[in-house]
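The two chains are supplied separately, each in an independent frame; assemble them into the complex guided by the hints.
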Amino acid sequence: MSLRSLSCEQSLLARCDGSARFKHGETSVVAAVYGPGDVKPNKEIINKATIEVTFKPKTGLPGCAETALEKILQDTCEAVILTSLHPRSSISIILQVEHDDGSLLPCCINACCVALMDTGVPMRGFVCAVACAVQQSGEEIIDPTLEQEQVSRPGRCAGWDWATDLSIWMLSNSEHVIF
Amino acid sequence: MQQELVGSVVLPGDVVGVVRGDVELKLGPGVRREQDKIVATKCGVFRLRKPNMYWIDINQKRYVPVAKEHVIGIVTGKPGENFRVDIGSSQQALLPFLAFEGATKRNRPNVQIGDLLYCEISVANKDMEPELVCVDGSGKSHGMGVLSIDGFMFRCSLGLARKLLADDCPILKTLSARFSFEIAVGMNGCVWVKSKSVTNTILISNCIENSEYLGIDEIEKMVDQLVQSAHSY
Numbered sequence: 001m002s003l004r005s006l007s008c009e010q011s012l013l014a015r016c017d018g019s020a021r022f023k024h025g026e027t028s029v030v031a032a033v034y035g036p037g038d039v040k041p042n043k044e045i046i047n048k049a050t051i052e053v054t055f056k057p058k059t060g061l062p063g064c065a066e067t068a069l070e071k072i073l074q075d076t077c078e079a080v081i082l083t084s085l086h087p088r089s090s091i092s093i094i095l096q097v098e099h100d101d102g103s104l105l106p107c108c109i110n111a112c113c114v115a116l117m118d119t120g121v122p123m124r125g126f127v128c129a130v131a132c133a134v135q136q137s138g139e140e141i142i143d144p145t146l147e148q149e150q151v152s153r154p155g156r157c158a159g160w161d162w163a164t165d166l167s168i169w170m171l172s173n174s175e176h177v178i179f
Numbered sequence: 001m002q003q004e005l006v007g008s009v010v011l012p013g014d015v016v017g018v019v020r021g022d023v024e025l026k027l028g029p030g031v032r033r034e035q036d037k038i039v040a041t042k043c044g045v046f047r048l049r050k051p052n053m054y055w056i057d058i059n060q061k062r063y064v065p066v067a068k069e070h071v072i073g074i075v076t077g078k079p080g081e082n083f084r085v086d087i088g089s090s091q092q093a094l095l096p097f098l099a100f101e102g103a104t105k106r107n108r109p110n111v112q113i114g115d116l117l118y119c120e121i122s123v124a125n126k127d128m129e130p131e132l133v134c135v136d137g138s139g140k141s142h143g144m145g146v147l148s149i150d151g152f153m154f155r156c157s158l159g160l161a162r163k164l165l166a167d168d169c170p171i172l173k174t175l176s177a178r179f180s181f182e183i184a185v186g187m188n189g190c191v192w193v194k195s196k197s198v199t200n201t202i203l204i205s206n207c208i209e210n211s212e213y214l215g216i217d218e219i220e221k222m223v224d225q226l227v228q229s230a231h232s233y
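Protein chains in written order, with our numbering: chain A, 1 to 179; chain B, 1 to 233.
Same shape as in the complex, but just chain B (with noise of 0.2 Å):
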């Protein structure tokens, strides 16, 4: 791999490294193999994860469906033993009746169409319906499940997303400093926050849209400015 290439922004069609045959590399999005050579295959950032972890940091609107991954979605339909959900990709998703905890054929989950749903995706492949579900192997839903109405959901770019999901956001710690708060994020760009009153619910989800391209210090301010003038109303 060119090392001189790690950390530095990269175009599609750019030859990012050369397969060797007795080196294990592990190719993450926006890289792929053609022949014996690794070529990006979109725009942004290449990263490295030693030993042997490659992958292309991008920002993008639209999200493609992954395995394992949490999304948050609206229900659209109840076609047969299934819900219809909306994740944001190219096709609705499914998620059966069944897959949420304590749900049996008799005791069928309280969702309506419009609700929202925090799920995980347990098939997504590129020719088929993503298909979600509630509940992990062993029938607990960790949180999964219907986001209650009294919260707010907004989208905002897949790179913010994942941001918000890492472990030392700097934007969720400067607002949990100030406010007490629920949130959900779903990898799909979607999040879900609930807090105590309207205007701080409003205030989170401005905090946070604005942090996208702020540094830390910067995003303390923005913070205090916009507390500031939320008060003074």
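Isolated chain A (complex conformation) (with noise of 0.2 Å):
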């Protein structure tokens, strides 16, 4: 079981407070973060930050799968943010796809991770994600290729805590593959 060679990039984009890219083999996803920093009063919270998480896929716009992803990476930001020495101020990611060849959600959980140590955002820890497929042979097989996914059983995707070695949550897919 071996993963395909991983890159990464910070600091490449200007205007935002932080940015990286994370590359899975050729899937590539670029996250920025913008934070800590205004907040609209309908969104603020009085003693935490509020994370607001967009995903802007390739192609196409933004629909409910999209919905869902965000959602996930939003939880998994707030269980590593310490959210509570912001109150009152906002901070944004946002992950735009590049390429997808599979893996797409534990890349854009390394990208965001990655893009928030650039940004200074205090955390308790960092994420690392990472996807696992079962092939019809009953083989495992981890960081699948697009290919492999869409052939293989229903998977799992897991992200872990480094520091604490906690799992921070796993994901299992139904019949219907997301992504």
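There's no promise every hint is true.
Derived pair list, reagent style DSS-like, types lysine-lysine, alpha-carbon separation capped at 27 Å [said to hold, decoys possible]:
(1) A:K48 to B:K126
(2) B:K78 to A:K40
(3) B:K26 to A:K48
(4) B:K163 to B:K194
(5) B:K78 to B:K173
Everything labelled a hint here was simulated from the structure, so no lab data went into it.
Structure representation (structure tokens):
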């Protein structure tokens, strides 16, 4: 079982407070972070920072699947960012898919985490994520490509906190593959 | 504290030390205490100033206000008896009319919307708007107040602003050997430069922006190159 070659680039965007491009083989995602900054009064939380995630697919308009991904990413970020240090402000994360060749969600999480580190947002640890799939033959592989994902049995994606080694979440695919 | 980690890059979540009952530790930006452990919260180089001050050198672009730091802000409004000033933090800061040298209720300071102010942060905590003053405790301004309209302000990263404020800053030494100029550096990453001509001001600001990741020799070469190319026009 082996991962594809990983690569990472930080501070590639000039306007935002932090950014990163993360690649799992051919799958490439760019994450940009603005924050801690202004927040609209209807979204502000008195004792914590508001985390907003926007996910932009490579083609087409964002739909339900994209909103589901945004929710997963938001929950993951809330678990690691020390939001109580920046009450009544917002941390906005924007993700843009450059190319999807499988393992999109873990790539998004890794890009998000590296971008947050580039911004200097205080975090209690950082998250690593990887997808695994079970092929029709029963063999388990990690970091599947798009081809391998489409022909494999329902799989799982796991993210965990590097510092505490605790699993933050596990996502299990149903019969209907979302990504 | 783990001495071998001092001077090396740490990541958020790394345990950089353990609290022992009798030792007094001073923790600066980027480290915090979690029960009996000292943990890094940001990515950067772990530093020590003997005997017991620890912090992490972080480079970021977004400013988080800290009391007693000097910043450069832009006036964006005049609500009530205060000025509203944008210092680049998540909330805009308030600066009372009376916090200028020689200001009284009848003698209001001559500050318009859009003016640049060099001021000190008097109150900064995470739950409130930051508050600024342009005088010290005894009423003297010490150079704080409105910055002249003849100058030029640009933004840089917070790490570069801190380097410029260091005693032996190489880029400022190199530039002062070639030009005469006035400079104000805010800890919020805003730098204001004023010199005799527009060309010089632009040259100086470009040199400062380029010098962030260069060594001392490279800085000299870069400044010479930029000066030559400007004079060849």
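Outcome of the hint check:
no., hint, in the structure
1, A:K48 to B:K126, "10 Å, holds"
2, B:K78 to A:K40, "21 Å, holds"
3, B:K26 to A:K48, "26 Å, holds"
4, B:K163 to B:K194, "19 Å, holds"
5, B:K78 to B:K173, "39 Å, violated"
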